[in-house]
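A.B. asks: Okay, here's what each chain looks like letter by letter:
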Amino acid sequence: MSFPEEHDYIGLTDSSSMENPSSSSIVSTESEKNSVLNLKETELRLGLPGSDFHEKKAGTGVSLFGKDLKDEVNNGFSQILLKNFVSGAKRVFSDAIDESGKWGFPLKGGSEVDMENCGSENTNTLQCSLAGPSGKEIGNSNPAKLVEDKKNENNSTAPASKAQLLGWPPIQSFRKNTLATTNLSKNNDDVEGKSGLGCLYVKVSMDGAPYLRKINLKTYCSYAELSSFLGKMFSCFTIGQYASHGLPGQEHLRENCLKNLLHGSEYVLTYEDKDGDWMLVGDVPWEMFTDSCKRLRIMKGSDATGLAPRAMQKCRNQS
Amino acid sequence: MQVVWLRSSLALRDLQAFIQHTVVYCKMDPKLQKTKNSSSNSANSPDSTHSLFPFPDEVLERVLSFLHSHKDRSSVSLVCKDWYDAERWTRTKLFIGNCYSVSPEIVARRFPRIKSVTLKGKPRFSDFNLVPQHWGADVHSWLVVFAKVYPFLEELRLKRMTLNDESLKFLATSFPGFKALSLLSCEGFSTDGLKAIATHCKNLTELDIQENGMDDLGGGWLSCFSENCSSLEVLNFASLNSEVSFDALEKLVRRCKSLRILKVNKSITLDQLQQLLVLAPQLIELGTGSFQQELTPLQYEGLGIAFSNCKNLQTLSGFWEDTSLHLPVLYSACPSLTFLNLSYATLRSGELAKIVAHSPNIRRLWVLDTVGDKGLEAVGSSCPFLEELRVFPADPFEQDLHHGVTEAGFLAVSRGCRKLHYVLYFCRQMTNAAVATIVQNCPDFTHFRLCIMNPGERDYLTNEPMDEAFGAVVKTCTNLRRLALSGLLTDLTFEYIGKYAKNLEALSVAFAGSSDRGMQCVLQGCPKLRKLEIRDCPFGNAALLSGIEKYETMRSLWMSACNVTMSACKLLAKEMPRLNVEVMRDEGSDESQADKVYIYRTVAGSRRDAPPFVVTL
Chain A
1 MSFPEEHDYI
11 GLTDSSSMEN
21 PSSSSIVSTE
31 SEKNSVLNLK
41 ETELRLGLPG
51 SDFHEKKAGT
61 GVSLFGKDLK
71 DEVNNGFSQI
81 LLKNFVSGAK
91 RVFSDAIDES
101 GKWGFPLKGG
111 SEVDMENCGS
121 ENTNTLQCSL
131 AGPSGKEIGN
141 SNPAKLVEDK
151 KNENNSTAPA
161 SKAQLLGWPP
171 IQSFRKNTLA
181 TTNLSKNNDD
191 VEGKSGLGCL
201 YVKVSMDGAP
211 YLRKINLKTY
221 CSYAELSSFL
231 GKMFSCFTIG
241 QYASHGLPGQ
251 EHLRENCLKN
261 LLHGSEYVLT
271 YEDKDGDWML
281 VGDVPWEMFT
291 DSCKRLRIMK
301 GSDATGLAPR
311 AMQKCRNQS
Chain X
1 MQVVWLRSSL
11 ALRDLQAFIQ
21 HTVVYCKMDP
31 KLQKTKNSSS
41 NSANSPDSTH
51 SLFPFPDEVL
61 ERVLSFLHSH
71 KDRSSVSLVC
81 KDWYDAERWT
91 RTKLFIGNCY
101 SVSPEIVARR
111 FPRIKSVTLK
121 GKPRFSDFNL
131 VPQHWGADVH
141 SWLVVFAKVY
151 PFLEELRLKR
161 MTLNDESLKF
171 LATSFPGFKA
181 LSLLSCEGFS
191 TDGLKAIATH
201 CKNLTELDIQ
211 ENGMDDLGGG
221 WLSCFSENCS
231 SLEVLNFASL
241 NSEVSFDALE
251 KLVRRCKSLR
261 ILKVNKSITL
271 DQLQQLLVLA
281 PQLIELGTGS
291 FQQELTPLQY
301 EGLGIAFSNC
311 KNLQTLSGFW
321 EDTSLHLPVL
331 YSACPSLTFL
341 NLSYATLRSG
351 ELAKIVAHSP
361 NIRRLWVLDT
371 VGDKGLEAVG
381 SSCPFLEELR
391 VFPADPFEQD
401 LHHGVTEAGF
411 LAVSRGCRKL
421 HYVLYFCRQM
431 TNAAVATIVQ
441 NCPDFTHFRL
451 CIMNPGERDY
461 LTNEPMDEAF
471 GAVVKTCTNL
481 RRLALSGLLT
491 DLTFEYIGKY
501 AKNLEALSVA
511 FAGSSDRGMQ
521 CVLQGCPKLR
531 KLEIRDCPFG
541 NAALLSGIEK
551 YETMRSLWMS
561 ACNVTMSACK
571 LLAKEMPRLN
581 VEVMRDEGSD
591 ESQADKVYIY
601 RTVAGSRRDA
611 PPFVVTL
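Residue numbers (my numbering), protein chains in the order written: chain A, 1 to 319; chain X, 1 to 617.
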């Protein structure tokens with residue numbers, strides 16, 4: 001579904017202030033606020049059907065999201081974005097409902113094309129919407145990075161991560177901090193290769209996508225599951241071959257999978273192992289793979305052609 | 001004059017019925033609203049001259065001393081002056097749900113004989129960092145008054161209050177008979193304050209420190225308990241991280257024979273835990289320390305035996321860090337458990353399934369969503385008596401749908417646990433149909449708190465708003481007292497709530513609604529509403545002012561990031577002098593916007609300790 005053009009930020013702002021007479025005073029302040037907060041003129045607006053809220057709260061991102069907003073422009077930007085997310089959301093619900101049901105959460109905005117196809121309608125994650133618009137113009141809000149920052153910050157009893165909506169989800173600070181510490185120590189352990197249950201988060205990047213994702217390798221038991229999930233996550237780019245060809249119980253990808261993969265799609269899944277080398281996914285048994293995988297990259301097939309024939313050779317030898 | 005003698009062995013229920021009948025009767029008769037000299041002492045009072053009050057004050061007071069619920073006592077005090085007096089002389093437990101609704105002086109004047117105080121301070125949204133620092137709710141001014149008026153104070157229970165170490169020291173040294181201290185979600189103090197408590201309170205029976213914003217400067221406070229202290233019944237330091245002296249703890253547990261609740265922190269290892277269990281097999285509630293330790297087979301066996309010897313164990317909690325390695329040692333203790341709190345243990349479905357298979361008598365279960373839908377299926381099939389379920393998110397900021405629980409898990413529990421009446425459920429997807437089925441399976445919900453973690457999330461199958469889900473909840477669950485909403489919601493949800501939720505007392509709303517009408521429906525339709533907290537909703541002045549009559553019947557209203565302006569707040573404050581209308585503005589926001597509004601009824605007038613960013617209108 002194409003992004004409804006009439007819902008560009010400025011357009012909606014005007015209409016919203018017209019619809020709501022009590023906020024008529026806000027329109028005049030908007031221009032003042034514009035100069036105060038340059039961030040407003042940025043990609044933020046794209047896909048964020050604004051509301052009278054935003055004008056009222058142009059500067060409120062500062063305190064709402066913590067004390068250091070001014071110092072951390074990146075995070076601050078994200079916070080403003082999130083604040084708009086929040087405020088945009090309020091006005092837009094009724095609009096969204098009037099739209100066709102497919103629109104999902106209205107904040108998908110600029111990166112909507114990507115987002116719509118990512119699994120179900122409702123994987124409209126905060127992080128996705130964060131990075132979508134910002135990726136284009138600001139170009140440095142990386143949600144995965146933000147998550148990491150949060151994890152690093154939360155070693156002490158720090159307040160909630162600044163990269164998230166303030167106070168949402170509604171979890172007590174004590175619980176949040178305790179779990180964050182647990183997760184952090186787990187992730188560290190796993191990355192260092194110690195055995196650990198539960199979590200092995202690795203970054204997944206895709207050539208051409210504006211942002212990375214993070215997945216927990218421990219939640220999958222086979223390449224088939226992994227590929228199926230990655231397929232859903234990045235399904236706008238065709239890498240469904242893993243799902244269709246991976247047979248249950250198999251730990252190696254068969255030769256025909258790789259062939260189909262390479263011929264049928266323009267993308268190849270690779271990973272960086274402990275030694276820092278980039279390897280084709282599927283060569284080794286699943287357990288060995290999860291033990292050595294540090295990050296994943298969905299690479300353009302054209303970049304990977306050098307790699308594939310050798311891998312197929314290996315497969316032939318092993319099968 | 002009629003005289004009715006009551007046997008002291010009269011059953012409490014009969015007594016309450018008798019009193020309630022008399023209350024109703026007396027309320028109906030205007031002749032009984034005489035004023036009377038209120039300074040009578042119960043021991044010397046003459047017989048009552050009211051013809052319909054057949055018993056002398058001393059009997060009335062004796063009768064009323066059986067009443068413990070503060071709600072009943074409030075009703076009693078409204079009957080007439082005599083009853084008001086009798087009630088105030090016999091009240092020993094004070095419950096103050098909002099510390100600013102009344103002042104310490106007013107309390108001291110009215111109730112001369114208080115032994116136990118429960119005080120709640122900040123609005124609930126302060127738990128989620130929505131209330132700025134230094135907002136208030138300091139307990140010290142209360143303590144100063146209490147020290148003068150209630151020197152024999154024994155218990156203090158604080159929730160969301162601010163207190164510093166000085167206050168704790170003051171508390172410890174001002175009340176010689178002090179017995180029980182419980183601090184939940186409080187802040188401003190450190191373990192040094194605990195040192196004072198441990199040192200000076202010789203008769204301490206309860207020290208319960210839970211989830212506070214406190215400074216943990218070290219575990220030395222535990223060693224401050226004197227060697228004569230043997231009265232402890234409750235010791236909970238689970239949320240403190242510093243290492244305590246195990247030697248001191250061991251000796252303390254050894255000499256406190258009445259210890260029934262012990263919740264240790266993660267510095268206590270498994271074999272230390274075993275030693276403690278051997279010393280205290282009488283425990284009813286246990287909070288474990290760290291479960292992560294290499295155990296020899298002998299140690300493992302010893303631990304299992306220690307658990308099996310705790311025949312009275314009803315509650316288990318703790319389980320900090322990775323625990324799955326040693327869970328089987330618990331199995332022998334599981335059959336008697338009624339409350340299992342695994343909400344800090346990142347268990348998987350299989351591990352949970354095994355535990356609940358051994359715990360058929362569980363009434364309350366708290367877990368992390370790492371157990372997944374499969375784990376919840378196991379709960380559904382193993383725990384037919386389950387009444388309360390809380391599922392917390394292990395990684396609340398992870399947007400990956402692959403993790404956590406979905407509607408399937410909730411459905412599975414509802415099918416197997418028909419007595420479920422309390423749920424707190426964090427998930428990333430839900431459907432209207434699932435919720436409708438769930439409440440059909442379990443129509444007795446009193447507390448329904450559903451948190452779909454992405455704000456404004458739709459029904460993921462039909463793409464519709466979640467209105468029908470909550471509509472089903474309020475239509476089906478007629479006993480619903482507490483409701484927390486989430487997902488994409490229009491005004492329709494609130495129409496449903498106003499129309500059907502006639503017993504609703506607490507409502508929590510975030511990122512929901514389409515217009516003022518939503519909030520209006522709730523304010524006009526829910527007669528028992530006491531607490532309303534709203535954030536990030538499109539409710540404005542019209543909505544706020546529609547409740548102008550209602551707010552005095554409620555404890556409080558919180559509205560933040562909504563559409564309310566200062567002018568409306570000022571109007572409200574002007575019309576309703578017995579409400580405190582407090583506004584906090586965010587930095588740099590418009591002068592006319594009321595970013596955060598906190599409204600509550602009070603007999604104490606405006607706050608005298610309000611910080612500069614809180615403006616009372």
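Derived from the structure by calculation, the hints contain no laboratory data.
Fair warning: there could be bad hints in the mix.
[Stated by the list, open to error] With a Cα cut of at most 30 Å, we get these calculated BS3-like pairs of lysine-lysine:
id, chain 1, residue 1, chain 2, residue 2
1, X, K528, X, K81
2, A, K218, X, K550
3, X, K502, X, K531
4, X, K374, A, K203
5, X, K71, X, K93
6, X, K374, X, K93
7, A, K218, X, K354
8, A, K214, X, K374
9, X, K374, A, K232
10, X, K159, X, K374
11, X, K502, A, K294
[Said to hold, decoys possible] These stretches of chain A come out as covered by chain X in the derived footprint (C-beta under 8 Å, 3 or more residues):
id, stretch
12, 165 to 178
13, 212 to 219
[Stated by the list, open to error] Pair ranges (Cβ atoms, derived):
id, chain 1, residue 1, chain 2, residue 2, range
14, X, P297, A, S292, 27 to 35 Å
15, A, S292, X, A357, 48 to 56 Å
16, A, G276, X, D271, 37 to 45 Å
17, A, W278, X, H402, 20 to 28 Å
18, A, S292, X, G350, 20 to 28 Å
19, A, W278, X, P384, 47 to 55 Å
Note that the structure is predicted; figures quoted are calculated from it, not measured.
All C-beta atoms, glycine included, are put in the ideal place defined by N, C-alpha and C.
A.B. asks: A separate judgement is required for each hint: does it hold in the structure or not?
C.D. replies: Evaluation of the provided hints:
1. K528(X) - K81(X): Holds: K528(X) and K81(X) sit about 26 Å apart, inside 30 Å.
2. K218(A) - K550(X): 53 Å, violated
3. K502(X) - K531(X): 14 Å, holds
4. K374(X) - K203(A): 27 Å, holds
5. K71(X) - K93(X): 12 Å, holds
6. K374(X) - K93(X): 45 Å, violated
7. K218(A) - K354(X): Given pair K218(A), K354(X) holds - Cα atoms ~21 Å apart, limit 30 Å.
8. K214(A) - K374(X): Distance ~23 Å between K214(A) and K374(X) Cα, so the pair holds.
9. K374(X) - K232(A): Distance of about 22 Å is within 30 Å: holds.
10. K159(X) - K374(X): 36 Å, violated
11. K502(X) - K294(A): Violated: K502(X) and K294(A) sit about 55 Å apart, past 30 Å.
12. 165 to 178: holds (count 13)
13. 212 to 219: This one holds; 5 residues, not fewer than the three required, reach chain X with a Cβ under 8 Å.
14. P297(X) - S292(A): 27 to 35 Å: Given range 27 to 35 Å: holds, Cβ gap about 33 Å.
15. S292(A) - A357(X): 48 to 56 Å: 36 Å, violated
16. G276(A) - D271(X): 37 to 45 Å: Once the Cβ atoms are compared, 42 Å apart, the range 37 to 45 Å for D271(X) and G276(A) holds.
17. W278(A) - H402(X): 20 to 28 Å: Cβ of W278(A) to Cβ of H402(X): about 25 Å, so the range 20 to 28 Å holds.
18. S292(A) - G350(X): 20 to 28 Å: 26 Å, holds
19. W278(A) - P384(X): 47 to 55 Å: 53 Å, holds
When each numbered hint is compared with the structure, violations occur for hints 2, 6, 10, 11, 15.
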